[in-house]
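Keeping the supplied structure of chain X fixed, place chains R, C and D upon it in accordance with the hints.
Heads up: the sequence lines are chains X, R, C and D, in that order. Per the numbering used here, the very first residue in the first sequence carries number 1; after that it's consecutive. Per the numbering used here, the very first residue in the second sequence carries number 1; after that it's consecutive. Per the numbering used here, the very first residue in the third sequence carries number 1; after that it's consecutive. Per the numbering used here, the very first residue in the fourth sequence carries number 1; after that it's consecutive.
Treat the hints loosely; a few may be bogus.
Treat identical chains as interchangeable: a pair holds within one or across any two.
As the list claims (entries may be wrong) - Straight line, CA to CA, 25 Å or less: simulated SDA-like cross-link-like pairs of lysine to any residue:
no., residue 1, residue 2
1, 49, 64
2, 338, 234
3, 278, 348
4, 249, 140
5, 338, 260
6, 184, 52
7, 286, 375
8, 64, 38
9, 258, 99
10, 338, 274
11, 64, 379
12, 64, 349
13, 338, 259
14, 49, 157
FYI, nobody ran anything at the bench for these hints, they're computed from the structure.
There are 4 protein chains.
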Amino acid sequence: MSRCPYFEKKHLLFKRKSSIEESQETSQGGVDQDSKGRIIYGDYLQLDKITTAQVLQSELQGNKIHDEHLFIVTHQAYELWFKQILFEIDSVREIFISGHVRDERNMLKVNTRIHRIVMIFRLLVDQFAVLETMTALDFFDFRKYLIRASGFESLQFRLLENKIGVQDNLRVPYNRRHYKDYIKEDDTETLLQTEQEPTLLKLVEEWLERTPGLEVDGFNFWERLEINIFDGLNVEEKKIEKMRDSEEKANLMVELVKQREHFMSLFDEKRHDHLVSKGERRMSYKALQGALMIYFYREEPRFQVPFQLLTSLMDMDTLMTKWRYNHVCMVHRMIGSKAGTGGSSGYHYLRSTVSDRYKVFVDLFNLATFLVPRHWVPKLNPSVHTFMYMAECCDSSYCSSEDSD
Amino acid sequence: MSRCPYFEKKHLLFKRKSSIEESQETSQGGVDQDSKGRIIYGDYLQLDKITTAQVLQSELQGNKIHDEHLFIVTHQAYELWFKQILFEIDSVREIFISGHVRDERNMLKVNTRIHRIVMIFRLLVDQFAVLETMTALDFFDFRKYLIRASGFESLQFRLLENKIGVQDNLRVPYNRRHYKDYIKEDDTETLLQTEQEPTLLKLVEEWLERTPGLEVDGFNFWERLEINIFDGLNVEEKKIEKMRDSEEKANLMVELVKQREHFMSLFDEKRHDHLVSKGERRMSYKALQGALMIYFYREEPRFQVPFQLLTSLMDMDTLMTKWRYNHVCMVHRMIGSKAGTGGSSGYHYLRSTVSDRYKVFVDLFNLATFLVPRHWVPKLNPSVHTFMYMAECCDSSYCSSEDSD
Amino acid sequence: MSRCPYFEKKHLLFKRKSSIEESQETSQGGVDQDSKGRIIYGDYLQLDKITTAQVLQSELQGNKIHDEHLFIVTHQAYELWFKQILFEIDSVREIFISGHVRDERNMLKVNTRIHRIVMIFRLLVDQFAVLETMTALDFFDFRKYLIRASGFESLQFRLLENKIGVQDNLRVPYNRRHYKDYIKEDDTETLLQTEQEPTLLKLVEEWLERTPGLEVDGFNFWERLEINIFDGLNVEEKKIEKMRDSEEKANLMVELVKQREHFMSLFDEKRHDHLVSKGERRMSYKALQGALMIYFYREEPRFQVPFQLLTSLMDMDTLMTKWRYNHVCMVHRMIGSKAGTGGSSGYHYLRSTVSDRYKVFVDLFNLATFLVPRHWVPKLNPSVHTFMYMAECCDSSYCSSEDSD
Amino acid sequence: MSRCPYFEKKHLLFKRKSSIEESQETSQGGVDQDSKGRIIYGDYLQLDKITTAQVLQSELQGNKIHDEHLFIVTHQAYELWFKQILFEIDSVREIFISGHVRDERNMLKVNTRIHRIVMIFRLLVDQFAVLETMTALDFFDFRKYLIRASGFESLQFRLLENKIGVQDNLRVPYNRRHYKDYIKEDDTETLLQTEQEPTLLKLVEEWLERTPGLEVDGFNFWERLEINIFDGLNVEEKKIEKMRDSEEKANLMVELVKQREHFMSLFDEKRHDHLVSKGERRMSYKALQGALMIYFYREEPRFQVPFQLLTSLMDMDTLMTKWRYNHVCMVHRMIGSKAGTGGSSGYHYLRSTVSDRYKVFVDLFNLATFLVPRHWVPKLNPSVHTFMYMAECCDSSYCSSEDSD
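Pulled out of the complex, with its shape left as it was, chain X reads as follows (with noise of 0.2 Å):
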């Protein structure tokens, strides 16, 4: 956006009003103004900074590699963006830690910064496509001078997946070295840090956990639906049994059985409790409760953007993936891949985190082997279905209650 002049004079206004109390503030944090107060974009930006730090060890070791200079600043914006991914993480988990998600008014918020996310994660799939006009032998020029200084040891590239909820017990062995060892040492506890705080997997658990309509006093969304799916399914059942003998209905029958099969396992709470042991489910048994009933009821006005969230969380973490083999696919190209060596290998590394172990909120994309036809769903009564056109709000000082969880 460079070249753009936004701040146009009215702003100047609204500026002076802090202007009065500009004694105490005139430096401006390291800043420098210009004489007449104004900011110097450069400055701003701490351009000094980010256009110098490019040195290249091949320079350095006298045989300057002109594509050592990408190499750098790919890598580079990789992890500004890293940087600002992190950012709006921590964010969206402060206002989950804090209770503010409670307030829907804040549903805007963490619902836009996900998104932003998403939108961020896109460019970053798109920007492979810069690193590879670089080739092979290019690469091969100066990768020698690199001495096995590895992308493995991105720090934030790290944080961003235990933030998220990456699961260590899931993760895949590098060289059978846990990822914790290929991080400078200044940094692990930063990282360690990290895998005690609640991941962004953990708080929308417990936020999917309060959906309203899950109160057995209640709506009791779950018992319902479990009666409506069986008695669905048996009305099936009859239907089958009333067709004349025939392969058809030997086959329909088959099916009938192993769907209701299907839907036994979805009420079978030990057997979601096993899947859990196993990394197979990640949430627990009643967000997925929750998480199904937002699916369900998702043109309720309470429940709109509750499901905008969840599919943008199912799209970064898509995106997330997509990262990751486009991230294998330039690897293969620019090194190759040993046939034969047995999988230690960066490629095959990398390979096999092109994985669902690393996509943190598979529940949600797996509860679609759930689904049923509409005239199955519970129906809303009217004083819940009046109760959906409301929001939950914590504002003490409008609302009376803030119940409902």
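For chains R, C and D alone, coordinates are given in the frame of chain X:
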């Protein structure tokens, strides 16, 4: 590309070639190495600079606005990529200036680097989608703190324009002031200097003037083309004359006259110079001839890569105007357009720069109005044809100088 | 998505519900099924039509030009997507026309479909990159066979413009003739009809006019806003008056006067009507009020999705102009621009359509000039606030009519 | 590109050349012309077919589901582009088969067309973003009507795979059945035929085998390379031997041994044949030599465009796997992944095709493991060097010898 374990052990080997002379390079230009002599990823990329350069003015003023972080990071990403583009432009100009382009081996490099700039601009155009996740309302909350720090002040973008060849006299003045007045005083000299250096446009022009085949005492492409075109038009005229009188015949004759006039203008050097003086053409008369020759004989081995280069230059030009236009769209959304304030607003200024005045290689586009049927293109005679199968070479150790000019 | 084995056995079950009444649907509207009652993929998609519709004029004329195939396919892909966009626009208009939008449950649909149009336009903008793999020279080889068959004649694009709300009187005439004259006679009626139907712009306008909170005998947003703004400006003025005399003080006072004038214009209905008559504004005075209200209270649960809708409408508008601009760039490359031929060329015509005259929702952009500090925005009182937490509902079986207008 | 008044009057002129023989072409192959002989845009594009081919199964069954329209249009757009890709692939294969590729003038065409396929695939990858505006729930509402009509049945995609060179024996079977079993019986023959025709892979292989410089009685690249590499490794070994004993020295020696083994494998034709038999390599031993030669001498005028071609082939391959992966991601979202159902699901099948088994030009990637320092690359002697500055030529009227293979 973080997370990339590119640098596998085997490369240690090549590294160690230089490790023989290791003593004098121990420091590696300030980049820390760990105890095993490895370069640390974060140090290599100077992430301590890159990821700490985000200081929010709103926060300094005691009213932290979340979206200012995105605003800063986006601009920094733009500046980072501008740095890379400048690096590529400079290297290409260097190849031209040093005369290395006469060795056709360097054409691949030139072409690849211009193509890389194209890919970067493609990314930068898409990058607006990220900033557009910020609404006008979010922006309003902090723009007062920026006090006119404006993208208009981006030194690098101005350098870029100058080095490619945006002409000073074709620039649209902003608020009736010269663009230089918006650049920090310290940087004015750097900027003025680029107005003295040969621009990419100038260098490409000189290269085009040397296109083999233009020699008046050789193939003499220009004269042959002129003859063929007017012969062709005469044949057309005769065909039309033979038609029965009809409205269609009359129309065709009118068209023919216009065509003849149009092509006469192509061979009118004075008219060319007049258009140049008005800024409607930018290249010399001879360079245009070279470009058209490359167009017509693009499939000759010698001209394949030159033709790609001309195409890439148009791509670059187009993407720069698309970048400008996307910028305009974003500004419209962020600050609106005051109806009736007479065109001096930022929005209206930026809009005026989305113009062919800022298209540096506009001549390459406009040559499309002078295309002719394939059978009008002068045939290559055997000796020229063979010549076209050979590239230039400056490597005196191998070749006996066959320089074509 | 070809190659997708979506339709796994279990769905047979749900299918068979309808198989009970199978007899009367055997034919499936002409879509063939194989012996097992499966629908054939190629028949379902009518690929016999889609993939056989590429007839090259150059080939018919005995001079097959390879790139004409790309030209045809690209245009067909555009038309295919235009069909989809029209389908979405029509469905959204239908929701508005039928009054269903008063049931807030339908807002998710409206929003999703406008967003889908945005995503399609994003693709269509990128699609030019494919056509640009054809050079001007390749195009020249076959354009003579097209004899003025021109994209200008695309009925669907004109329908699209009309249905969204491009105003007839704001259109740029091409060669001094009305756009209708370029449409096949058979289609003129279809086209004229869309000028009679309510446009998306009109329907959004009516919806905005109903924004809850505008009621003069209720919250009366507009009057409160006016009071707050001028109170705010008065406070500013007093602050400035207390400053020591200085150039800065004088400047600030000048600014303040301009600000006051600017905001006075906001509350001047006559001026609004004047701007409407000139085409600089498109929506009614009341609709603007509604839009500004949604802007300021966008975080209120009730306004979150409406705010997203306004944003999506701007996205759509912006992408349509980007599409136009990308089109212009492509045409410039394909046919050039004749210097000095006085603006009647295709290139110059298309350029003139990249204009705010063709931005249908331009008012939503320009409201950005009327933003105010958050503390100037009228506070919601408890009852309004509660109301804002509730959505509208038209489902009489559940809700006791709470329509807000 | 609708709305494009490309076809301006002046081209009437060129048109009229053919108008002389107008009588016999009046019908223009069924494309209607208006009274003035103009071709109608909509007829030219056969829009009556294209825009009427959207028949919703859900609507036929009396339960119209809005999103089925998007589903159909998206798939049709894919098929339209597949048609174009097939057209380009066929034309490229034709150039190779006819031997025209020996005239280097055709390399530009080959390169441009493969690049065009790359650009189309880039669009197709992005196109998933449009379909993803449909949620799993929207899809569920109509997928029951499709009764297993599956993208898996796309004839064109299978043709595409076969023509490029996906090997039958490397395909992953779906539900233990061969891919042919999913194609409509009428089309089986068409499909089987493509297994008989020379694939793009095969044709590129033959072309690489003819790379000038490989001649054993000429430059003999392969032998020279082998000598240089092992000489180079010996020099390394001597350097290491001179080092003081240390852990580092030991490590370097271990590395050296591995390196030597790795490069010995490069020159081991039997091992190559073994890898081919396992499907880990696809090209002949000689073709690999040609590819590596082009890699190393890519800057020689003669090899610049061939090098670009190899790069474009890798781009195409990569984008096809990205397309597959994006498809997988979309399917995961639409139908989920049943935990524990043992890999026969559509999702798991598709995932298994995102594999190097489906990367046709995998050898070009893996050659990156055999790069060597520039000074190990055999020097061109003057005569070879000069030769490298000349392209091949088949045009007997101009050139005498077309030798070189």
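Do the hints match the structure? See the list:
| no. | hint | in the structure |
| --- | --- | --- |
| 1 | 49 <-> 64 | both (22 Å within a copy, 23 Å between copies) |
| 2 | 338 <-> 234 | between (56 Å within a copy, 23 Å between copies) |
| 3 | 278 <-> 348 | both (23 Å within a copy, 18 Å between copies) |
| 4 | 249 <-> 140 | between (64 Å within a copy, 23 Å between copies) |
| 5 | 338 <-> 260 | between (48 Å within a copy, 14 Å between copies) |
| 6 | 184 <-> 52 | both (23 Å within a copy, 18 Å between copies) |
| 7 | 286 <-> 375 | within (23 Å within a copy, 41 Å between copies) |
| 8 | 64 <-> 38 | between (40 Å within a copy, 19 Å between copies) |
| 9 | 258 <-> 99 | neither (42 Å within a copy, 43 Å between copies) |
| 10 | 338 <-> 274 | between (38 Å within a copy, 15 Å between copies) |
| 11 | 64 <-> 379 | between (70 Å within a copy, 22 Å between copies) |
| 12 | 64 <-> 349 | neither (31 Å within a copy, 42 Å between copies) |
| 13 | 338 <-> 259 | between (45 Å within a copy, 12 Å between copies) |
| 14 | 49 <-> 157 | both (22 Å within a copy, 17 Å between copies) |
The earlier numbered hints that this structure contradicts are 9, 12.
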